[in-house]
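Protein chains in written order, with the numbering used here: chain R, 1 to 291; chain D, 292 to 613; chain C, 614 to 943.
These are calculated hints, taken from the structure and not from any lab test. The structure presented is a predicted model; accordingly, all values stated were derived computationally and were not measured. Beta carbons are placed, not taken as given, at the ideal position from N, Cα and C, and that holds for glycine. It cannot be assumed that every hint is accurate.
Unchecked claim - Here are a few chain D residues that face chain R, going by a calculated C-beta distance under 7 Å:
id: 1; residue: 309
id: 2; residue: 329
id: 3; residue: 411
id: 4; residue: 414
id: 5; residue: 415
id: 6; residue: 416
id: 7; residue: 417
id: 8; residue: 574
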Amino acid sequence: MSNREKTDAAVRPDRPLAELWHMFFANKAAVLGLVLWLLVITTAVFGLTIHPGDPFAMVGAPMTPPGEEFLLGTDYLGRDVLTGIIHGASVTLAIGFSATVCTAIIGVTIGVLAGYYGRWVDNLLMRVTEFFQVLPPMLFVMVLISLFTPSIYLIVLAIAVVSWTGMARLARAEFLKIKEMEYVKAERAMGARNASIMAKVILPNALPPLIVAIALNVGTAILFEAALSFLGLGDPNAFSWGYMIGSSREYIWDSWWTITFPGFAIFLTVLGVSLVGDGLNDALNPKLREL
Amino acid sequence: MNSEVSLKVDNLRTYFKVRRPHLFAEQPTVYAVDGVSFEIASGRTLGLVGESGCGKSTTAFSVLRLVEPTSGSVVLKGTDICRLNENDLRNYRRHMQIIFQDPYSSMNPRTTAGEIIRTPLKILKIGTPEEQHERVEELLSLVGLRPEQKKLYPHQFSGGQRQRICVARALAPNPDFIVCDEPVSALDVAIQSQILNLLARLQREFGLTYLFISHDMAVVQHICDEIAVMYLGRIVEKADRRSLFLDVKHPYTKALLSAVPSMDKEAKRSSTALKGDVPSPMDPPSGCHFHTRCPFAEKRCSMEIPELREVHPNHWVACHLV
Amino acid sequence: MKQESLLQVKGLSVDFSTKAGNVRVLNQLDLHLLPGEALGIVGESGCGKSMTALSIMRLVPVPPGNIATGQILLNGTDVLQLTESEMEDIRGNEISMIFQEPMTSLNPVFTIGTQVSENIRRHQSKNSAQAKEKTLQMLEAVGIPAPKQRINQYPHELSGGMRQRIMIAMALSCQPSVLIADEPTTALDVTIQAQIFELLRQIQAEMGTSVILITHDMSVIAEFADRVAVMYAGRKIEEGLVRDIIDNPRHPYTQGLINCVPVLKTDPGTERVELNEIPGVVPSMAQLGTGCSFAPRCHKAIDRCYEEVPPEVTVGENHCASCWRVGEIA
């Protein structure tokens, strides 16, 4: 009965995670993005042990060009740019990630509730979302921050407050779509509770586009923080890349290196985030996974 | 023969309010189920037949309270399901289960077959995890699959196998009553007969009561003991299988029968096809809903609603002309 | 008397490259279609009947698909040798196709009038007024009530049956010589199915279009087709006139397909009877063993069935079957 045995061998359990990795690693751009990410994370974690120093300390002559003494030069106060970049990596990443986590928590919660319950809940939450959407985000953040003393927590929160709307709309759209699937109805027919249907049935199926949105949001949050610091609205005690650019902006013609290197660091990080996001998007798209 | 009534549905109505077309319009109502009554004896099958949009699936969902009925009562083994509070209803769901039409979309694509079948046991907290896993294996072999297939994902099965998994899932909590909502319409004819035979075998083995929804008279004739024909939210004809097919009364039932493709030489290419589509349940025709498509309609049909009356013992028809 | 074939498929084999390797989804397929005839192709899902249709339309995605051998002759021209732009002139013009899902095969963002007239303008040099005229005519022909109002509606405003009529109007708007209908009524109610077949029959009689009907339901074939080819696992296993096949099927698979259809009886009796079934499932094309691919599900299989592929045997006029036991099965 060779035919029968062969049919059995065909149906082996598959491993979705392994397949995801496989798809992801087949994508060269995505791998480049991941390498960039790892580079930034390594810098943030191990940088200061290799190249210790206080970024605020004035260690040399102001505006020393890149050279033997200071690899990336010093700024107008004589602070080492390399130390700043290394230190800034952890600050920038911390802000980028925590702002994204806050964004995701607010956005997904609101989107899930609106999409699942529909009716007046949806109506109410979507009106709130629209309210936040029509506000110009940069101005809104600036108002929020100038009302209080700028601190790293406030900045994280402010970024989250202006950027959760997209996430909420995405989560809502996914929930609206998936809750109509028969397997959700089947779950209800078996007596499952709303909370368990939302968390255990719909959310895992809605996750792929959300993961991509979350990954891309890290980039947006980093850019946001840089813009705020550039405008002088950042936390003056947090030595982020945006702060470096912002504080040296008046000396841009005299010391190109003080702005170029942190700017380049931001560029590479955000590029990495985008590439990883796109790679995840392709890898998580079930249509591309066939064959 | 056991003639104890298992399910009794009395004057069930389910209306939906839909979005108004413009701000000052009256909010339109969809009369999806409009006064439906039937009984199913324990261990028997009632077939609910009609075209899409006639309210047969809404009836099924209302019976299970997956859709809230507007009024009426649904009594399953002495318990009025419409009066249960949310918590009691959840617990009561172990007695009533459903098999859906589309075996592709009725399973969570991210869980394995074993987990899918185990879900009702987990939700209803039946047995320890070990007992649940044992039960899953037992159910898999019961529906003609192999226990080791529990590790596979839905997309690794064929349509017929998937429907077997859905049957196993419905059986898991040992229900008395199962709604089969077009369980074979999405399947190949060759597989259809496998699933119908499986359902019949399980019914004999476990004394299950079925409410079988379908649009195909040939399928209904094979699996059902009693048949109710529905049109736009109302039952137009109801009888046991033999009386219905021996003496079809309602013109709509006749039309449904003539639409079934046949392999007989004589019957070939002689269909009295129904004209047009089912009218919108938002704005049903007056009087007998069927009068707009009925070849025999008279003036009276568009004015008075025909009552469902017993023309022979246990043969009910709602038509002025019978 | 041998009639000239309009469409002829000769020794067609199609491969698909998958992770599991090269899979042959069509294997040495021979078919022919006479002018004005309705040919049915029947089999379970996954037996290659849709792939046959896609190959004729040259819509097999390449890669992963690959037409390995064979010819598809339309009026004597091999469509497999045509360039893509020559093929575009044939598609929708000479050969048209309607699909199973009338919901997804219409574009939801355009009105049906736009969609039907676009197809007319693509293949016939007509200005928009003429195309609109023709569109109205086509909608009328497929039995759409009040076509003047309907052409401004969107697909979601129509019922499934209406959408399938629109698809048929689109497919027929350029008077194709061949219409391929891939499970055109599977998603519809039986009542609407009867209407659609009535319409197809009427159109066939009026326009003389040849139809290839693809289905899994033998009773649909009996209602509509003149001749039928039964397919299993990428091969044609039996072919003949519909009446010959239904009255005297020679392949066990064909017998199974006929017997498993629930037959409507005037007196069904009080006791329920078991339906005949074909046990098991269609094998995955990637896992075919040697021999007849139906052997594992066949109750008449002998050792030889597992070892060698049975050749095609002529069993009557215009009737052939591929089974080792075809002589014993009658």
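Do the hints match the structure? See the list:
The beta carbon of residue 309 of chain D comes no nearer than 13 Å to any beta carbon in chain R, farther than 7 Å, and the hint placing it at the interface is violated. The interface hint given for residue 329 of chain D is broken, as the beta carbon of that residue sits about 20 Å from the closest beta carbon of chain R, more than 7 Å. Taken as an interface hint, residue 411 of chain D checks out: its beta carbon lies about 4 Å from the nearest beta carbon of chain R, inside 7 Å. Evaluation of the residue 414 of chain D hint against chain R yields a held restraint, the C-beta minimum of about 5 Å falling below 7 Å.
A least Cβ separation of about 6 Å between residue 415 of chain D and chain R falls short of the 7 Å threshold, and the interface hint therefore holds. Here the hint on residue 416 of chain D is broken, as its CB sits about 10 Å from the closest CB of chain R, past 7 Å. Because the beta carbon of residue 417 of chain D sits about 11 Å from the nearest beta carbon in chain R, more than 7 Å, this interface hint is broken. The criterion of a C-beta within 7 Å of any C-beta in chain R is not met by residue 574 of chain D, whose closest approach is roughly 24 Å, and the hint is violated.
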